[in-house]
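K.L.:
We have chain U already, so just place chain E on it with the hints.
Each chain is listed here by its residues.
2 protein chains.
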Amino acid sequence: MAGPALDFWFDFASTYSYLAAARIKPLAAQANVAVRFQPFLLGPIFKAQGWNTSPFNLYPVKGRHMWRDLERLAADLGLPFRRPEPFPQSSLLAARVTLAGLDQAWGEEFSVAVFRAEFAEGRRIDEPATLTAILLGLNVDAKSALDAALSDANKLRLRTQTEEAQRLGLFGAPSFITEGGELFWGNDRLEQALAWAARPQPGS
Amino acid sequence: MAGPALDFWFDFASTYSYLAAARIKPLAAQANVAVRFQPFLLGPIFKAQGWNTSPFNLYPVKGRHMWRDLERLAADLGLPFRRPEPFPQSSLLAARVTLAGLDQAWGEEFSVAVFRAEFAEGRRIDEPATLTAILLGLNVDAKSALDAALSDANKLRLRTQTEEAQRLGLFGAPSFITEGGELFWGNDRLEQALAWAARPQPGS
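Chains as they are written, first to last, in numbering that gives the first Met the number 0: chain U, 0 to 203; chain E, 0 to 203.
These are computed hints drawn from the structure, not numbers from a lab. Careful, some of the hints might be misleading.
Identical copies carry no separate label here, and so any pair may be met within one copy or between two of them.
[Unchecked claim] Dumping the calculated DSSO-like pairs for lysine-lysine here, alpha-carbon to alpha-carbon at most 30 Å:
| id | residue 1 | residue 2 |
| --- | --- | --- |
| 1 | Lys24 | Lys154 |
| 2 | Lys61 | Lys142 |
| 3 | Lys46 | Lys61 |
| 4 | Lys142 | Lys46 |
| 5 | Lys154 | Lys61 |
| 6 | Lys154 | Lys46 |
| 7 | Lys24 | Lys142 |
Isolated chain U (complex conformation) (with noise of 0.2 Å):
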């Protein structure tokens, strides 16, 4: 029988995201947790909601305490931080890259080499050339990656994710979903979740 699993869903664009990509996957090998990466857009469910930006803009009060809040998690941390310009940056083309990369096994360090970029780095990730980059970076033909990334079958893919996080009822990223189908919001509760995924089930 396979182990427990955590679906992890995120958007490139999220900056608590950003935290939880870096942690999780040290976190979940502790817990003997299989961990899914489940890129998505946030774009259409803050739509949704009436927004039409990073609700952090929205509500510049809740903006500014959330740099402030980032900057002190990641001392914290010791990971590097660095405000990206501008905020948020389109995650569309990182997302359906990351979606190929699933498929081809350097799918998870990519996303996290991407977050790096954007939060650490101070590079654009809504530029085609710093995932181009990046891929070098993984040793992986960019060209391709972005082929794949582009073709109307991935491109439906990713239209696919968002569906499912919303049908799912994903509000926000970083979510966290067990088998069970608990859902957990937020890079604070990732311990929480991978607990709760790891502990023995129901009639198991």
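P.N.:
Below, chain E without anything else, positioned relative to chain U:
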């Protein structure tokens, strides 16, 4: 020289303030930090953001997660929890009574008891009878306390608290502010706020 202190800003209608109120005194004692209870009203602050009720009601998928999250966190903390009906309840009278009580040494205990009545016992904190019962349970002269709460000076004091919260950039509750002005939002940040408050200040 006085030791470090932390301001604890809360609204009795705030779900996560229940958890913080139940936890803050023992944690602050461990951290050697003095806590100052600062009741205020979120209503005017939400209104300034264009919300006429709790964002958890305005965004139902977010609200659904919040209730489940609260239930899980309370279970982990060994705190009783029962979803209040209706939600939110007016916190105006309870906040006024608290301010009167903070002058008289029973304000903190009263606050914790009001949160417990609302979020653990299914009682209506917007009803004077509930507050009277809580006061009697604390051996406080309920009539004098309510008279003091409803004095013009005390009403003005609550308005001033709420204006001060707005001036400080508070946008939700609970919030914690160190003497150096560092703002932490949310029950999830209580430990971090205490640690920040406790660390040596530059120049001291």
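K.L.:
Against each hint, give a clear statement of whether it holds in the structure.
P.N.:
Here is what the structure says about each hint:
1. In this assembly of identical chains, the alpha carbons of lysine 24 and lysine 154 lie at most 30 Å apart only when taken from the same copy (26 Å versus 52 Å across copies).
2. In this assembly of identical chains, the alpha carbons of lysine 61 and lysine 142 never lie at most 30 Å apart, being 40 Å within a copy and 40 Å across copies at closest.
3. Taking identical chains as interchangeable, the C-alpha atoms of lysine 46 and lysine 61 lie at most 30 Å apart whether they share a chain (19 Å) or sit on different chains (15 Å).
4. With identical chains, the CA atoms of lysine 142 and lysine 46 are never at most 30 Å apart, being 32 Å at best within one copy and 51 Å at best between copies.
5. Within a single copy, lysine 154 and lysine 61 get their C-alpha atoms only as close as 33 Å, which misses the 30 Å cut-off; across copies the closest is 28 Å, which meets it.
6. Taking CA atoms no more than 30 Å apart as the test, lysine 154 paired with lysine 46 passes inside one copy only; the shortest distance there is 20 Å, against 40 Å between copies.
7. For the homomeric pair lysine 24 and lysine 142, the shortest alpha-carbon distance inside one copy (28 Å) is at most 30 Å, but the shortest distance between copies (58 Å) is not.
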